[in-house]
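J.: Below, each chain spelled out in residue letters.
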Amino acid sequence: MNPTPILEVDDIHVYYGNIHALKGVSLTINKGEIVTLIGANGAGKTTTLNAISGLVPSREGQVRLRGETISGVASHLIVGRGIVQVPEGRRMFARLTVEENLRMGGYTLTRAADVQAGIDRAFEMFPRLKERRTQVAGTLSGGEQQMLAIGRALMAGPEVLLLDEPSMGLAPVLVDFVFDTISRLHAEGTTILLVEQNARMALQIADRGYVIETGMIVLSDLAANLRENDTVRKAYLGIV
Amino acid sequence: MKASLIERLTEGAIATFLWLLRVAVVLVVVVGSALTIMSGRYSLEVYVGLVVSGLTLGSIYALIALGYTMVYGILRMINFAHGEIFMAGAFAGYFVVTASDKLGFLNQGPVTAMITIVVAILVAVAVATPIALLVEKIAYRPLRNAPRLVPLISAIGASFVLQYTFRGFFGPGIYSYPTVDFLDQTLPISGVIVRYVDVIVVISAFVMMTGLYLFVMRTKLGTAIRAVSEDKDTAALMGIDVNRAIVTTFGLGAAMAGAAGVLYALLFRQVFFLTGFVPGIKAFTAAVLGGIGNIPGAMLGGLFLGQVESIGPTLFLDGFNVPSPNQLKDVIAFTMLVLVLVFRPSGILGERIARSRA
Ligand SMILES: Nc1ncnc2c1ncn2[C@@H]1O[C@H](COP(=O)(O)OP(=O)(O)OP(=O)(O)O)[C@@H](O)[C@H]1O
Ligand SMILES: [Mg+2]
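Just so you know, the protein sequences line up as chains A and B, in that order. Using the numbering used here, the letters of the first sequence correspond one by one to residues 673 to 912. Using the numbering used here, the letters of the second sequence correspond one by one to residues 6 to 363.
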């Protein structure tokens, strides 16, 4: 079986003013894989996802989707090409209702039937959201907001889903639920790039992983190997 | 130690002053109103008349205020050139109404007058909107990531540019709107005097505001505007074209202001290059009053300001025997702006900025 790369990040450099946040990051994600990107606070994980999504420009290097470069393409058009990000901190439209949030996730869809199908699917995955469909999102609990954030991102029917710390700030049961959801999406064929601080869980469900430190990839291997790697065990799994 | 004592004293003095200010305002309003009413100088009809003209003026303020509030909502900036968009609408309307008058069409009857007014409004919208979009593109878009003060200064610059461009084209003189006979006739209701112009202004304003409200609340693009107002990056991550939402917001605000320009000019019968200044600031006051960024707030703030400005001078000040209190209506309006900014900066319906940012 020959893996086909669907998303390639090729030696990108990102600057915030004078801060050199990404110093040549390269990642390859094959179709149908779950790949995780782990690293400490401020290592550049969010910046990497935002560079893929076109929210921050990369001064050098390229991002390619199915071999085609998407560097320089506007963020809202990248969604239409099949990459959707669930941003860090959930980022609800707090004054919009649950259903309106979902509709905004499906903004790129042109057929009303597709929008409705997406909403139905989100409600099937997260029945809690259905009960709260007319409630404004700002009043949801943290867990419900994370469900909505994922449900909203799925509306556009992404081929590649970028998840930025989806388990952050959730109770253990909900962390399990979120990871189950990710596994389910994977099983349904979605390619996933998962950024996590919870390296233990991430390395359990991922096929491969990358470790990023101060804007550089310092390790990349199969997830199973990273779990056994001494550096990873010390720095990210808390095992001495 | 010493500094902190002085600080505490100043703070105390300010707090006391603010309290005295509150008490003074309440006293003026309550005592003034009581004295005026008890003096029996004005009949009920007069008060009703004031309410009607307040409603007319207020609905015009509300229309303009929507543009301020929506642009603030989406860009967190005050578009100080908005009054000039309103003025452009008033000018455009002038040419339509005058042409209709010259052709002998305008005053043939209510129907021809109404047709003229509708055409004037449509032309005003068609003129005002592209001007606003041009201002957005040239004066605001390049500054979107600049510190907040920068687009504000650019807006003031744009306002002057528009004023003096119109002065350049049309000169400093005042253009009188032709008389529309039908508008001056009164409704056949006994007791109160309601002119057709009041009815037309109020109805057109409410139709437009309802349309805008439904657009923003019910349509996909309207919802996108609300989403972009909350969080631009996330909106872009959902596939929303942020620029399109912003441009649409400017366009909607300008359309309302352009139409308001015609209504205002039909009411006051004149237009010149500075026509936009005072109503612009009044509408800004209305937007702040209602809670800047809040759409129903702008409508409410406009209507409220219209009432205060219309009834206020007579009701609050006449009782104290203030000579010709009506000359003080702008004082009342702007005093209210200051009071709101001091005591309730979030306005009537606004939330605290800090909360809406969370
Ligand atoms: N908007 C910005 N302006 C300036 N510097 C920034 C900005 N965003 C991020 N940075 C800097 O870039 C570096 C990488 O930040 P990034 O948010 O990508 O880290 P992260 O790995 O996602 O961290 P965390 O786990 O805390 O979310 C950090 O040093 C951060 O301070
Ligand atoms: Mg991050």
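Heads up, some of the hints might be wrong.
What the hints assert, rightly or not - With a straight-line cut-off of 27 Å between C-alpha atoms, the simulated DSSO-like cross-links for lysine-lysine are:
(1) 906/A with 703/A
(2) 142/B with 802/A
(3) 142/B with 225/B
(4) 225/B with 703/A
(5) 225/B with 237/B
(6) 142/B with 237/B
Stated by the list, open to error - Among the chain A residues that face chain B by a calculated CB cut under 10 Å, a handful are:
(7) 756
(8) 773
(9) 873
(10) 876
(11) 877
These aren't lab readings, by the way, just hints derived from the structure by calculation. For every residue, glycine included, the Cβ atom is placed at its ideal position computed from N, Cα and C.
J.: Against each hint, give a clear statement of whether it holds in the structure.
T.: Here is how each hint holds up against the structure:
no.	hint	result
1	906/A with 703/A	violated, 31 Å
2	142/B with 802/A	violated, 41 Å
3	142/B with 225/B	holds, 24 Å
4	225/B with 703/A	violated, 32 Å
5	225/B with 237/B	holds, 16 Å
6	142/B with 237/B	holds, 18 Å
7	756	holds, 7 Å
8	773	holds, 8 Å
9	873	violated, 24 Å
10	876	violated, 27 Å
11	877	violated, 23 Å
Of the numbered hints stated above, those contradicted by the structure are hints 1, 2, 4, 9, 10 and 11, listed in ascending order.
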